[in-house]
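Protein chains in written order, with the numbering used here: chain L, 49 to 308; chain U, 411 to 777; chain V, 64 to 131.
What the hints contain is simulated information worked out from the structure, not anything from laboratory work. Idealized CB from N, CA, C, for every residue including glycine. Among these hints, one or two may not hold up.
To be verified - Keeping only pairs whose Cα atoms sit at most 20 Å apart, straight-line, the calculated SDA-like set for lysine to any residue is:
1) Lys447(U) / Gly284(L)
2) Lys684(U) / Gly284(L)
3) Lys111(L) / Ala96(V)
Unchecked claim - Short derived list, chain L residues pointing at chain U, Cβ under 7 Å:
4) Leu184
5) Ser296
6) Leu298
7) Thr299
8) Phe301
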Amino acid sequence: MKDALEIGGRCFQSRLLLGSGKLSSDALIPEIAARSGAEIITVALRRIDFKSASANILNHIPKNMQLMPNTSGARNADEAVRIARIARAAGCGNWVKIEVITDNKYLLPDGYETVRAVEILAKEGFVTLPYVSPDLMTAKRLVEAGAAAVMPLGAPIGSNRGLKTKELIRILIDEINLPIIVDAGLGKPSHACEAMEMGAAACLVNTAIAGASDPVAMAAAFSMAVQAGRQAFLAGPGAETSFATASSPLTGFLREGIGH
Amino acid sequence: MSFYETYQTFRQILEQAGKASHGPDQIQRILQQSTLKPWDLYALLSPAAAPFLEQMAQKAHRLTVQHFGRTILLYTPLYLSNYCTNFCRYCGFNAENPIPRKQLSPAEVEKEAQAIAETGLKHILILTGDARQLAGLDYLKSCIAVLRRYFTSIGIEIYALETGEYRELIAAGVDSLTIYQETYDESLYQELHPQGPKKDYCFRLDAPERACRSGIRSVNIAALLGLGDWRTDAFFTGLHADYLQRTFPEVEVGLSLPRMRAHAGAYQPLYPVKDAVLVQIMLALRLYLPRAGIALSTREQAGLRDNLIRLGVTKMSAGSTTRVGGRTQAHDDVGQFEIADERSVAEMQARIQGLGYQPVFKDWQPI
Amino acid sequence: MPIALTINGEEHQIQDRLSVAALLAQRGLDPNAVVVELNLAILPKEAFAHTLLEEKDRLEILRFVGGG
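Kindly produce the complete structure, drawing on both the sequences and the hints.
Shown next, in the form of structure tokens:
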């Protein structure tokens with residue numbers, strides 16, 4: 049049986065999602081995409097700047113990749129909904145990464161507004177992947193609202209600090225019956241591997257790849273780390289040596305015939 | 411939303427996949443996990459887990475102490491009425507059984523309450539058959555009004571109610587519901603409950619959810635072990651409790667492990683559950699649901715009950731009788747089933763302390 | 064006679080009876096690479112050619128860029 053990541057009715061072989069921001073040149077995207085094996089890539093929607101007309105990023109993104117426009121810039125649910133609708137009208141499918149941020153210092157997501165946006169957009173047929181802090185009750189509300197996955201942050205966006213929220217993400221993995229995709233904060237392949245070993249469904253990486261001296265090589269490294277972590281998770285942690293005990297202090301009574 | 415959807419999904423998988431085989435490696439791996447998925451529970455109920463009972467017991471003991479400390483909550487059942495309009499094939503109160511029928515008046519309830527209160531118990535579980543015309547809501551409320559003066563926690567184990575009815579009884583002072591699905595096997599359930607109000611499988615299955623929506627503090631569910639294939643019934647009991655815990659995080663969800671006892675009437679269990687099997691079921695459920703309370707009644711013998719304390723039990727009945735008025739009136743009738751552990755509350759208290767546990771009489775009082 | 068309208072939050076003067084398609088062409092923009100919102104309503108690409116801009120219109124012309 050193939051180990052596929054299923055989101056919004058589509059199956060993916062790769063469990064590494066790419067962010068396309070902060071690259072020195074969009075022209076790097078095809079090679080990064082190829083070396084990472086990623087099948088899902090985020091993009092953002094911006095007003096055109098007439099003064100510096102630049103090329104269309106979509107020309108650089110391989111056609112078979114699933115585009116996931118984000119709602120960056122949205123400060124509340126209504127703005128996120130508006131951005132999502134515009135993105136869909138652009139003809140790039142119905143996926144959307146819901147991102148609502150009002151906190152400019154830590155760039156932490158606004159869970160309440162995010163849930164509201166998912167409620168509206170899921171009803172309109174969007175495949176919604178909300179970016180949130182790893183909070184169990186928020187995640188449960190996202191499930192009810194119809195989210196296709198939950199994307200908790202490992203650390204603040206762009207911080208490269210790793211899986212700082214590990215214990216909280218573990219709770220989401222245990223309790224939430226949707227793919228848990230660790231988004232934001234993963235700075236090194238070992239961070240992504242750790243998340244995958246723990247049972248995360250996938251990782252979304254942007255800054256750590258875009259900011260590397262060699263983004264293409266770093267994309268390949270993340271790809272291997274995500275695969276290694278996934279395989280380790282599937283293999284199951286090796287059972288620690290359990291010493292056979294001659295006596296059975298808790299269940300010995302079953303053999304002594306107490307009861308019957 | 412209803413647990414019935416989850417039930418159907420898993421039942422279909424079980425029917426299509428047949429019996430999955432499990433290996434010792436898999437059981438060892440499951441024992442290393444911090445949380446278990448539904449199929450892990452199924453594996454722990456399988457024959458492959460039987461050789462691992464001691465390892466399961468060690469972990470179950472650890473988890474139970476971690477979540478509940480070394481405590482055992484004591485409660486006792488109070489049978490108010492044995493009138494019944496159901497025909498449950500396995501039950502001593504079956505409408506067809508020619509047993510003397512009785513229903514306590516509020517004054518008689520008070521006498522029983524006094525007798526129980528003298529033992530120090532504060533948690534009481536009231537039981538009736540299924541006869542709404544006689545033991546309806548108004549009757550129950552008048553009994554509850556009496557019992558509130560003696561007990562801090564009142565549970566009900568009665569016929570399934572509608573949401574609004576649960577709300578009424580909760581307002582009257584009830585804080586917990588015990589209701590057993592008996593068997594999760596829907597077709598067997600139909601056979602065992604040929605007529606009477608209890609015939610409706612889904613109405614009973616959804617009763618704990620209705621009580622949760624009505625604001626109850628705790629619910630206790632179970633299958634009557636021995637009626638159907640115990641492996642499947644224990645599996646669905648676990649899934650049902652997990653569903654309730656997830657859907658109603660504010661409600662305390664507990665399980666009971668009632669094993670069929672001999673009783674008036676000819677019905678004998680189709681799938682007798684041996685001690686080792688009872689232990690396996692309890693351990694598997696404890697590992698799957700570390701924070702669920704587990705109740706063990708006086709259906710079980712004293713020696714076995716004592717041994718099970720360290721394996722995951724958190725609540726025990728004591729000084730029980732399954733007769734209506736069994737504590738204050740002459741024994742001219744028969745009980746719902748036979749009691750195996752006839753120790754008094756004081757004896758139970760001493761024994762629990764002797765095992766290094768604290769007997770708890772009062773763990774809850776609504777304010 | 065030019066008309067005044069808002070494009071991407073800025074005041075612009077354009078000639079009267081200009082279509083959205085013509086405006087995009089003037090600015091050197093590929094109509095397939097942009098999304099246009101006119102007065103908060105998304106404008107389908109098929110409507111670019113026959114939608115004429117009017118005084119006080121609020122036009123948003125957006126495109127996809129890199130983002131995480």
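(request) Give me the numbers of the hints this structure contradicts, sorted from smallest to largest. (result) As far as the earlier hints go, 2 and 4 are violated by this structure, in ascending order.
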